[in-house]
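S.K.: The lines below spell out each chain.
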Amino acid sequence: MSRFASFILAVFLVASAAMQSARAGQVERIRVEGELIDTWCYVTEIMYARGSAHYQCAVWCAVGGIPVSIRAEDGTLYVVLRVEADTQNVSNPSMVKIQSHKVTVDGDLIRRDGVNYLLVTQVADDDGVVDLTHEKFGIQPWGM
Amino acid sequence: MARHLLLLLLPFLLAVSMPSHAAQKWGIDGEMTAQFEAKVVDMLCELSGDCPENCGGGKRQLGLLRDDGRLLMAVKSNTLFAGATLDLLPYCGGRVEVDGLIITHPSMVIYMLQKHRKPGAVDWIQATAFAKDWKKRNGTTDAKRWFRRDPHIGEVIGTYGKVGRPDLVPPPAE
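Going down the list, the protein sequences come from chains W and V.
Residue numbering for the first sequence follows numbering that gives the first Met the number 0, beginning at 0 and increasing consecutively.
Residue numbering for the second sequence follows numbering that gives the first Met the number 0, beginning at 0 and increasing consecutively.
Read the hints as simulated data drawn from the structure, not as lab findings.
Please read all numbers here as calculations on a predicted model, not as lab measurements.
Where a beta carbon is used, it is the ideal one built from N, C-alpha and C, also for glycine.
Hints should not be assumed to be uniformly reliable.
For lysine-lysine, the following DSS-like pairs were computed, each having C-alpha atoms within a straight-line distance of at most 27 Å [what the hints assert, rightly or not]: (1) K117(V) x K58(V); (2) K96(W) x K131(V); (3) K114(V) x K96(W); (4) K38(V) x K161(V); (5) K101(W) x K58(V); (6) K58(V) x K96(W); (7) K24(V) x K38(V); (8) K38(V) x K114(V); (9) K58(V) x K114(V); (10) K161(V) x K24(V); (11) K131(V) x K143(V); (12) K96(W) x K161(V); (13) K161(V) x K135(W); (14) K135(V) x K117(V); (15) K38(V) x K143(V); (16) K58(V) x K38(V); (17) K58(V) x K135(V); (18) K114(V) x K134(V); (19) K131(V) x K114(V); (20) K96(W) x K134(V); (21) K24(V) x K117(V); (22) K131(V) x K117(V); (23) K131(V) x K24(V); (24) K161(V) x K101(W); (25) K96(W) x K135(V); (26) K143(V) x K114(V); (27) K134(V) x K161(V).
Label pairs and their computed distance ranges (CB to CB) [what the hints assert, rightly or not]: (28) D166(V) x M46(W): 20 to 26 Å; (29) Q121(W) x D28(V): 32 to 38 Å; (30) Q125(V) x D112(W): 23 to 29 Å.
For reference, chain V alone in the conformation it holds in the complex (with noise of 0.2 Å):
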């Protein structure tokens, strides 16, 4: 009997026990849903020492320099196709809390920013920061498919094509 009972309760057990805010997998090999918290870092200063203001400001790669010190590339957001710059920028020099995907891949490994908030904060912010910028600097209220509808891709695209060689012509879509 006690042991149905638990049984019955494990799930419920289970959930209580994880992080309310826990990151959403994708499926992918080597995945591992991670919340921590971190340093956020300039990648190319952390590196080579070149270090401008404001960690450059949103034109260079960050990082996250964990209390061992390990350092992992925040290399995508949560908005599709887009990088995880802009969304700890704010954070640049100082402390963040993050929750994501580490993504071990024989080749190398990576963060997947999904969430972050200050230490401390209550609310977590969704990792979204490129779409919000897309919206401003295109003078648009939404960031659908951004990536069909921004006009640096489209000069690239007509000029190169989608397979990056104007004299081929690739397959139509299926």
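Looking at chain W on its own, in the form it has when it is part of the complex (with noise of 0.2 Å):
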């Protein structure tokens, strides 16, 4: 093989490699505390989607399958992709019974295309709903 050929050879499997890094992205070991989310009625804002207010809804969604987020304090959201060894992250019966509850976990963080996915490795804490927004907005959403 030339030395030209066994150059270009090279720059292709180190740019193969890179793209594929960037492809997977890092993995990063974080420590989040905040509250489960429904992603859909956070993102959205169709209707306030925070604490006790948005419990029963966010339960409705969790059953139906859209994904779950945790939102940090700095409201950060990291979708909740694996707990521990379960990797069920469609309307998973144990991430149902918490939803609104303030938790810390640990966690790798993978950053794709502007979105925080976390595989949570131990739930540290559980602190239960503690955000008890119905007192101000009632039971989210109205009308259903």
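Using the hints, put the two chains back together into the complex; each one sits in its own frame.
M.R.: Right under this line is the structure:
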């Protein structure tokens, strides 16, 4: 193989590895403290989607298979795709029960195309429903 | 005269130049109708390499991997309060043409699936697979207000209450 062909092959291999790495995303171990929320209602803002006011609706959506996220106190969202060894992330009964809970978790963060995905390795704390928004906003959504 | 004629014809010209199956807008901030082809992937598989058969068989969130490499999670279907996993599952690992909304929020970008079809097919399929599956699972002929009739939801709300705290009484509905 000529020196030029070897050089081209090396460049191709390095570029392929870099692209693969970029696609897969870098994994970062983090700790997140925040509230479990229903991704659809929160992102679309079609109703008030935080705390106890939205608990019932969050249960509906979690059972319906809408992804569950953690909203950190700074407003950052993390889509939960795995909890410890449990890889069921559609209508997972153990996730349904803890909607709107304030939790502290450790996990592997993968960023891809502007979205934070979290593979939870350990649930460090679960404070239950502590954001009592129903006192101000009632039960969301009205009329359903 | 020609200008007036053009103004009169403008709505018609716009109508015929729009895709005939344009998605329905919801009036959400940051929404954009989006019809495109993509590969259907299991999100966890795509991101971590953990890849069970058949994209998890309905137990995993599915995404749309676009030809430019961008990944969009399909968060919602056309059934109230339900996701799009069962709609996209038949296309696992293959290509699909979708019609719906891309919603861009400061915290993330998501996709709402309204219709889908195999590329090249003529007819669109409404993204209501959750409702069909729910009717089958519950032995009923309709899925109206399924979220009020679902036994699992009834059990959770019965145990924890409407606000997630059995010790708290929510205000009466207005």
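S.K.: Hints first: check each against the structure and report whether it holds.
M.R.: Now the hints, each set against the structure:
For the given pair, K117(V) sits about 22 Å from K58(V) by alpha-carbon distance, which is consistent with the 27 Å threshold. About 24 Å separates the Cα atoms of K96(W) and K131(V), which keeps this hinted pair within 27 Å; it holds. The hinted pair formed by K114(V) and K96(W) fails the criterion: a straight-line CA distance of about 31 Å is larger than 27 Å. At roughly 39 Å between alpha-carbon atoms, K38(V) and K161(V) are farther apart than 27 Å, so this suggested pair is violated.
Between K101(W) and K58(V), the direct Cα distance comes to roughly 24 Å. Compliance with the 27 Å bound is thereby established for this hinted pair. With a C-alpha separation of about 17 Å, the suggested pair K58(V) and K96(W) falls inside the 27 Å cut-off, and the hint holds. The straight-line distance between the Cα atoms of K24(V) and K38(V) is roughly 24 Å, inside the 27 Å bound, and the hint therefore holds. Of the pairs offered as hints, the one joining K38(V) and K114(V) holds, with about 15 Å between alpha carbons and a cut-off of 27 Å not exceeded.
At most 27 Å may separate the alpha-carbon atoms for a hinted pair to count; K58(V) and K114(V) meet this at roughly 21 Å. Pair hint K161(V) plus K24(V) does not hold up; C-alpha atoms about 30 Å apart against a cutoff of 27 Å. At roughly 11 Å between alpha-carbon atoms, K131(V) and K143(V) fall within 27 Å of each other, so this suggested pair holds. Simply put, K96(W) and K161(V) have alpha-carbon atoms about 12 Å apart, close enough for the 27 Å limit, and the pair holds.
Distance check on the hinted pair: K161(V) and K135(W) sit about 15 Å apart at the alpha-carbon level, within 27 Å; holds. The suggested pairing of K135(V) with K117(V) holds, with an alpha-carbon distance near 24 Å, which does not exceed 27 Å. Between K38(V) and K143(V), the direct Cα distance comes to roughly 31 Å. Violation of the 27 Å bound is thereby established for this hinted pair. Pair hint K58(V) plus K38(V) holds up; C-alpha atoms about 18 Å apart against a cutoff of 27 Å.
A distance of roughly 17 Å separates the Cα atoms of K58(V) and K135(V); the hinted pair therefore holds under the 27 Å criterion. With a CA separation close to 20 Å, the supplied pair K114(V) and K134(V) stays within the 27 Å bound. Distance hint between K131(V) and K114(V) is fulfilled; the C-alpha atoms sit about 15 Å from each other, no more than 27 Å. Taking the CA atoms of K96(W) and K134(V), the gap is about 23 Å. The hint holds against a cut of 27 Å.
Restraint check for K24(V) and K117(V): satisfied, since their Cα atoms lie roughly 23 Å apart, inside the 27 Å limit. The hinted pair formed by K131(V) and K117(V) meets the criterion: a straight-line CA distance of about 19 Å does not exceed 27 Å. Proximity of K131(V) to K24(V) is assessed by CA-CA distance (about 23 Å); at most 27 Å being required, the pair is judged to hold. About 17 Å separates the Cα atoms of K161(V) and K101(W), which keeps this hinted pair within 27 Å; it holds.
Taking the CA atoms of K96(W) and K135(V), the gap is near 24 Å; set against the 27 Å cutoff, the hint holds. For a cut-off of 27 Å, the pair hint linking K143(V) to K114(V) stands: about 19 Å separates their Cα positions. Distance hint between K134(V) and K161(V) is fulfilled; the C-alpha atoms sit about 24 Å from each other, no more than 27 Å. The hint said 20 to 26 Å for the Cβ distance between D166(V) and M46(W), and at roughly 24 Å that hint holds.
In this structure, Q121(W) and D28(V) meet the distance hint of 32 to 38 Å, their C-beta atoms being roughly 35 Å apart. A C-beta distance of roughly 27 Å is found between Q125(V) and D112(W), which places it inside the suggested range of 23 to 29 Å.
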